[in-house]
Amino acid sequence: MEYEEIITALEEISDKHIAEAEKPPKKRAKTFWKIAVAAVLVIAIGVTAMSAPARIHADVIAEASESRAMEWPNPQTYKDHDVWRVDVDQWNAEREARGEITAQALSGLSAFFREGNGRFLQTEKNENKLWSPVNAYIGLAMTTELTDGETRQQVLDLLGAESVEELRKQVSAVWESTYQDDSNEVSVLANSLWLENGLQYNQEATDALSYHYYASVYQGDLGSTRMNKDIAAWINNNTGNFLEDSTKGIVLSPETVMALYSTLYFQAKWSDEFSESKNTEDVFHAPDGDVRTVYMNKKLEQMDYYWGETFSAVNLWLKNGSRMWFILPDEGKTVNDVLSDGTYMEMVLANQWEDSKYMKVNLSVPKFDVASTTDLSEGLKDMGVTNVFTEGAADFSELTADSPIYLTGANQSVRVQIDEEGVKAAVYFEMKGAGSAAPPEEIIDFVLDRPFLFVIEKENVPLFAGCVNNPEN
Amino acid sequence: MEDRKIVQLLFARAENAISELSARFGKQLHRIAYNILGNKMDAEECTNDTYLALWNAIPPVSPDPLAPYVYRTGRNAALKRLHRDTAKKRDRRYDISLEELNGCLPGGDLEQVIDAMELGRAMDRFLESKSKENRYIFIRRYWYGDSVGEIAKELHMQENAVSVRLNRIRAGLKEYLEKEGYHYGV
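Residue numbers (our numbering), protein chains in the order written: chain U, 2 to 474; chain X, 77 to 262.
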């Protein structure tokens with residue numbers, strides 16, 4: 002039968018039955034014991050999670066601007082019906098405009114994302130490699146507010162923006178499209194600039210960062226133990242302490258006069274969770290030998306199955322409207338082959354992909370918790386952003402006329418964890434100065450038992466990308 | 077607030093009618109829209125469209141009972157939007173639910189809408205003969221579009237048990253429809 006006919010048939014379900022299904026039928030008394038136990042557990046979890054954010058001691062020069070996106074006009078908060086109607090129209094229009102600017106930004110960024118994936122995820126070693134395209138984008142974009150001349154132009158060129166003004170609008174639209182912070186679903190971007198005590202800075206530049214980039218600006222004794230702790234606390238506060246292992250090692254040298262930090266914290270549940278009872282333990286073929294790992298499984302799950310010249314792929318939806326793609330190189334191909342080919346990124350960012358089929362898939366995904374720290378500076382130099390890293394050539398005159406500044410590195414630390422319930426991921430970015438054919442069967446086994454790639458995207462914005470060579474590392 | 081009073085507020089064009097509608101039905105409407113559209117923002121937009129549609133329809137319509145009327149309006153708004161945004165990427169969870177149901181429905185195209193309506197009425201008669209819990213499972217899955225996991229959570233059951241139950245209900249429906257004279261081909 003056609004779907005339209007099924008929908009028409011379902012319309013004939015009687016009012017009585019629809020109303021009855023509004024709430025679950027009452028169960029016998031013994032069920033209440035289960036509810037009582039669950040409630041106690043939830044309360045216990047709530048207490049653990051609600052730890053207060055760590056205090057930052059450094060002087061605050063500028064507070065980060067809050068999200069400017071209009072909140073969804075919830076009718077329950079309105080007394081005047083006409084006001085609500087006006088707000089509904091405004092909310093719809095704002096969302097549409099933001100979508101258009103984001104699409105424009107993404108079209109300029111596709112080359113950066115594709116090339117970045119190729120450079121930052123390729124590896125000859127048995128290691129997991131991760132990066133956050135959107136985090137690197139926003140971190141780099143922030144430098145255009147602090148720099149001038151060719152230094153600024155190189156970054157604008159890489160990010161596909163015509164001017165600083167256009168980039169501000171685009172970053173703001175991407176930031177607002179990605180931002181979400183409610184109890185269950187989190188996708189929070191945060192930025193900060195840290196300046197050395199006594200550095201004469203341009204207030205306009207710090208105000209622009211605060212407003213257009215939602216950044217906090219601090220000043221203090223960079224390189225001191227206290228400031229190292231402050232920076233770690235700021236990152237931990239903005240990433241739910243998920244990167245604590247990496248932030249323990251933050252030590253700025255006393256020569257540092259400026260540091261930029263950008264974070265993205267993401268937590269979402271699968272639209273359809275995995276069931277722990279279906280987990281299996283099996284072999285994963287890592288490059289330097291087999292390891293045993295835990296797989297999460299779905300049997301005969303109906304989903305879109307995708308393929309390209311060198312890979313096949315599926316994606317799983319998350320409750321906040323984002324998706325996680327799993328990209329498996331074909332037999333005889335490696336993740337590096339897929340990364341060099343690059344078409345998988347077109348598939349991820351496209352609204353529709355011709356080489357796909359809606360079918361039944363037996364899916365096995367390793368449960369993993371992987372982390373990596375990468376210095377992006379060499380890759381960025383190869384992509385044309387050289388001045389900002391070169392002593393004598395870097396032009397940070399928009400920030401300060403004091404001493405000449407250049408960036409000594411651009412480190413990105415990322416951690417991604419997936420389990421039966423969903424995905425948790427975080428990143429911080431630090432810059433401091435001083436093919437095959439269509440599947441033949443109706444049912445396919447998609448088993449991620451050898452190195453694979455993943456991409457997490459929200460509203461077409463790639464938040465995280467990674468290459469898992471060994472889920473047990 | 078009682079459903080009857082909400083209808084009275086709508087008739088009186090009272091300013092708090094929408095907020096009362098939202099307090100009473102908002103959560104469920106959002107869930108239906110999300111189940112069909114698979115996107116939180118789209119679901120929010122669709123839920124507000126539903127309130128506007130209800131405001132425009134009542135009066136003159138005076139639905140009694142109100143709840144199924146509200147949910148039908150919400151479901152139709154979501155389906156309409158889904159039809160409009162066919163090119164948009166989305167979670168296909170609702171397709172999966174329809175596909176699953178299709179497995180136990182007669183093959184071939186029904187020639188007229190009226191045939192589909194008659195099939196729906198037969199489905200409703202079949203559900204009448206089932207227990208409240210089985211009816212709940214079936215209607216939540218295929219009408220409200222809930223996932224098996226969500227239904228299991230509501231009923232404090234294992235997911236697998238809900239899947240097995242759905243299989244049995246669908247098998248029963250197929251048997252019932254065959255007896256009613258529907259043909260399934262070879």
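Read the hints as simulated data drawn from the structure, not as lab findings.
There may be inaccurate statements among the hints.
As the list claims (entries may be wrong) - Listed below are the simulated DSS-like cross-link pairs for lysine-lysine, each with C-alpha atoms no more than 25 Å apart in a straight line:
id : chain 1 : residue 1 : chain 2 : residue 2
1  : U       : 80        : X       : 81
2  : U       : 320       : X       : 81
3  : U       : 170       : X       : 164
4  : U       : 126       : U       : 320
To be verified - Derived list of chain U stretches under chain X, where covered just means 3 residues or more per stretch with a C-beta under 8 Å from a C-beta of chain X:
id : segment
5  : 77 to 87
6  : 125 to 132
7  : 268 to 281
8  : 314 to 323
Remember, it's a predicted structure, so these values are computed and weren't measured experimentally.
A virtual CB, placed ideally from N, CA and C, is assigned to each residue, including glycine.
Each hint tested on the structure:
1. U:80 x X:81: 17 Å, holds
2. U:320 x X:81: Given that 25 Å is the threshold and the Cα spacing comes to 34 Å, the pair is violated.
3. U:170 x X:164: Measuring from Cα to Cα gives roughly 24 Å; hence the hint holds.
4. U:126 x U:320: 35 Å, violated
5. 77 to 87: Holds, because 8 residues of the segment 77 to 87 of chain U bring their Cβ atoms closer than 8 Å to Cβ atoms of chain X.
6. 125 to 132: It is violated: at least three residues are needed, and the segment 125 to 132 of chain U offers just 0 whose Cβ sits closer than 8 Å to chain X.
7. 268 to 281: As far as the segment 268 to 281 of chain U goes, the hint holds, because 5 residues have Cβ atoms under 8 Å from chain X.
8. 314 to 323: Since three or more residues must qualify, the claim that chain X covers the segment 314 to 323 of chain U holds, with 4 doing so at under 8 Å.
Consistency note: the structure conflicts with the earlier hints numbered 2, 4, 6.
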